[in-house]
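A.B. asks: In case you want the letters, here they are:
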Amino acid sequence: MRSYAARYKEISSSIVCSTKFGRYPKISLEQVWNLIESDGWMVNFAGYDQVVEINPVGQGRGIYSSVKFNHLIAVIDDNVYVFDESLNKRLVGNMTTFTGDVFISENNINQIAISDLQNIYVYNYGNETFIKANINFTPGYITFQNGRFISPDTSSNQWRLSQTNDGSIWPGTISDTQYIGALQTKPDFAMATIRFPGRGNLLYVMGKTVTEPWYDIGAQLFPYQRSPSVNVDYGCLNSATIAYGDNIICWLAANESSGPVILYTNGGDIVPISTDGIDFKLAQLVQPENAYAFMFKQDGHLLYVITWPTDNITYIYDFNTKKFFNISDPNFNHHIAKRIAFFNNKYYFVSFIDGNLYELSSEILSANGMQIPRVIIPPTIRLPNQGRFVCGYTGFTIEEGMATNDGNPPIAQMAMAKDGNGNFGSYYTKVLNQVGQRQNRLIWWQLGSANDLTFQYRFYGLSRFVATNGLTGIYQ
Amino acid sequence: MAVTALQLISRAWYLSSIIARSFETVSGDYATEGLTLLNALLDFKATDVRLIPYYNQYQSTFVAGQESYFIPNLYAVETMTFNIGDVRYPMTDASRIRYFGTGRVDNIPSLPFQWHLERSEGGSTIRVYYLPLQNYVFNLSGKFALTDVTLNQDMSTIYDAFYLEYLRYGLAEMMANEWDITFAPEKKAMLKSYEQKLLNVSPPDLTLNKVPMIQDKMSINWAQVNIGMGWTN
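Chains as they are written, first to last, in the working numbering: chain A, 1 to 476; chain B, 1 to 233.
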């Protein structure tokens with residue numbers, strides 16, 4: 001037994017952390033990839049499996065779960081498919097565009113409206129018709145509220161209402177003032193209209209630089225009335241980043257005096273959630289406007305997932321723990337999920353990489369059969385006096401013995417950066433126990449000296465990873 | 001098995017806890033700094049010859065009429081003899097006080113039966129009395145300096161494995177001191193135990209050698225030297 005306890009000062013190994021890196025590496029390198037925090041433990045972020053092959057060389061554009069229809073609607077390329085509970089697919093219509101974002105909503109009379117930012121298509125599953133609505137505006141993020149579809153006119157500051165209980169009719173002449181609203185607070189273009197979850201008749205109308213709350217008060221001439229005292233002085237950089245869940249809306253915001261920032265609101269004040277480091281990262285993006293986001297719940301955690309495909313990065317924000325994490329594909333590229341829908345008690349998504357349908361679940365421990373790299377970079381260890389210290393060991397509690405004996409055991413790797421700039425050295429690999437061998441201690445010994453020490457842990461395998469804080473022993 | 005100085009230095013860095021075993025390799029400044037410290041450690045053994053494990057034999061020649069002889073890297077002498085032909089004659093060690101501080105007749109060329117060692121820079125100076133009458137081959141058994149090494153030098157050809165292990169601990173302690181890091185107490189204790197053991201590897205021969213003036217076997221005395229010139233008994 002090593003007699004280390006007396007000599008070493010033991011500090012937390014801070015395995016339970018998040019993506020909270022600083023503006024510069026010296027400030028903080030703290031990151032977590034493909035893991036999230038749950039009850040003070042790090043657990044695997046959901047994996048995914050392909051469940052329906054539709055078009056391997058196609059592109060997923062949108063997905064929607066219809067509660068009334070009890071079908072899943074997915075747009076792949078120009079094709080609109082519906083899926084039953086057994087995920088049997090059926091082509092119901094074609095659009096005139098092959099690429100670009102689509103937004104989907106439904107009403108109570110069997111109509112599902114699909115906006116491809118050029119047209120609005122209405123699929124009626126009651127009579128199996130698929131038509132292109134006759135509109136005289138450029139549609140955007142479409143929503144449904146109180147019997148009407150609502151869409152922004154992205155070429156102006158107007159937003160439009162469909163005829164009540166008929167999404168195929170969008171009155172739009174000058175005399176049709178009861179169907180046309182407008183952003184009023186600032187000169188702007190309308191980007192999105194969103195029915196606010198959990199807030200009754202509240203509708204958020206988003207422009208590029210401002211967001212206005214409107215209430216459906218059932219007025220005769222025009223049913224909506226703008227809140228006279230409140231607005232959000234941020235618009236939306238890309239309506240594809242708008243996502244809602246529980247009673248909050250989250251989006252990638254910007255205005256005329258601010259760069260990209262991730263905000264959320266519960267209908268009251270806005271709350272910026274991005275950290276200094278992430279805001280700085282957003283400011284460095286080549287195409288910050290090329291972003292997609294969705295919100296979903298993983299085992300009770302409300303997660304906002306935002307991806308910048310051009311800049312090749314995906315972050316998730318956990319509203320429960322109020323922490324950011326990175327997620328990725330098996331090769332540390334951005335995550336492949338583009339749009340998600342909850343259907344038949346499962347999450348399904350369409351992807352950036354192909355035109356197939358995938359299931360997302362924390363029960364799935366791989367990325368379509370491939371290992372998901374899981375990385376933890378805890379906070380850097382420094383002393384206030386900047387003094388050099390010896391690190392004798394670091395370790396933490398981890399679950400082992402859950403992997404199947406398939407000859408490919410899970411591994412944990414550790415590397416260190418001692419220069420304060422994230423230049424990590426070689427990895428020391430430890431093979432983790434396989435099924436039945438649950439007793440373990442995971443410790444790396446004799447770690448040298450430094451005055452600025454950052455660990456990086458990597459976990460590879462097709463089993464789950466569950467770890468919590470341990471101790472790191474240092475002395476001077 | 002060959003053990004290069006670089007290997008010894010690397011293992012000392014790991015032992016000092018300054019460099020991470022299994023994560024970092026020793027090269028560049030750490031290698032050269034380690035070599036500097038290793039050679040300093042080897043050099044410093046001159047201050048405590050008890051920790052030099054080996055006695056070496058040295059042979060040279062007394063020159064007629066010359067009292068002093070500088071021998072490089074020599075730090076301690078235990079025995080000295082000189083030869084006349086095939087016959088070896090013992091010499092006796094004289095303390096500094098006895099050699100320099102007692103009465104004697106200088107400048108007597110005869111057989112050099114007495115020697116005295118004084119440390120000098122880079123070695124030692126041996127003085128003999130009487131002044132050698134003629135040139136005599138002499139032999140001494142003593143401890144010599146541990147010579148400096150180079151990074152790729154195989155130290156296993158110079159030192160035993162146990163001594164290399166001792167050097168590793170000693171070097172690690174120097175490294176920790178140099179880096180202002182506490183050398184772990186248990187490692188320090190190990191170093192001390194190594195040092196204690198090393199003292200017994202080649203201890204001085206403390207056998208008592210009495211030279212009585214009255215005995216049945218006559219010892220060499222002044223009269224014999226002058227009259228018998230070493231050939232009497």
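Take the hints with a grain of salt, since some may be wrong.
[Unchecked claim] The calculated EDC-like cross-link candidates involving lysine to aspartate or glutamate, where the alpha carbons are at most 20 Å apart (straight line), are:
| hint | chain 1 | residue 1 | chain 2 | residue 2 |
| --- | --- | --- | --- | --- |
| 1 | A | Lys9 | B | Glu186 |
| 2 | A | Lys68 | A | Asp84 |
| 3 | A | Lys322 | A | Asp246 |
| 4 | A | Lys297 | A | Glu128 |
| 5 | A | Lys346 | A | Asp49 |
| 6 | A | Lys89 | A | Asp39 |
| 7 | A | Lys322 | A | Glu289 |
| 8 | A | Lys9 | B | Asp180 |
| 9 | A | Lys430 | B | Glu24 |
No wet-lab data here; the hints were simulated from the structure.
A.B. asks: Confirm or reject each hint.
C.D. replies: A quick look at each hint next to the structure:
1. Between A/Lys9 and B/Glu186 the alpha-carbon distance is near 16 Å, which keeps this suggested pair within the 20 Å criterion.
2. Among the hinted pairs, A/Lys68 with A/Asp84 is consistent with the structure: their alpha-carbon atoms are about 12 Å apart, no more than 20 Å.
3. Taking the CA atoms of A/Lys322 and A/Asp246, the gap is about 15 Å. The hint holds against a cut of 20 Å.
4. Under the criterion of a C-alpha separation no larger than 20 Å, the hint pairing A/Lys297 with A/Glu128 is inconsistent with the structure, at around 32 Å.
5. Between the alpha carbons of A/Lys346 and A/Asp49 the distance comes to roughly 12 Å, so the proposed pair stays at or under 20 Å and holds.
6. For a cut-off of 20 Å, the pair hint linking A/Lys89 to A/Asp39 is broken: about 39 Å separates their Cα positions.
7. For the hint pairing A/Lys322 with A/Glu289, the CA-to-CA distance comes to about 24 Å; that exceeds 20 Å, so the pair is violated.
8. For a cut-off of 20 Å, the pair hint linking A/Lys9 to B/Asp180 stands: about 17 Å separates their Cα positions.
9. Proximity of A/Lys430 to B/Glu24 is assessed by CA-CA distance (about 17 Å); at most 20 Å being required, the pair is judged to hold.
Checked against the numbered hints listed earlier, the structure breaks hints 4, 6, 7; every other hint is satisfied.
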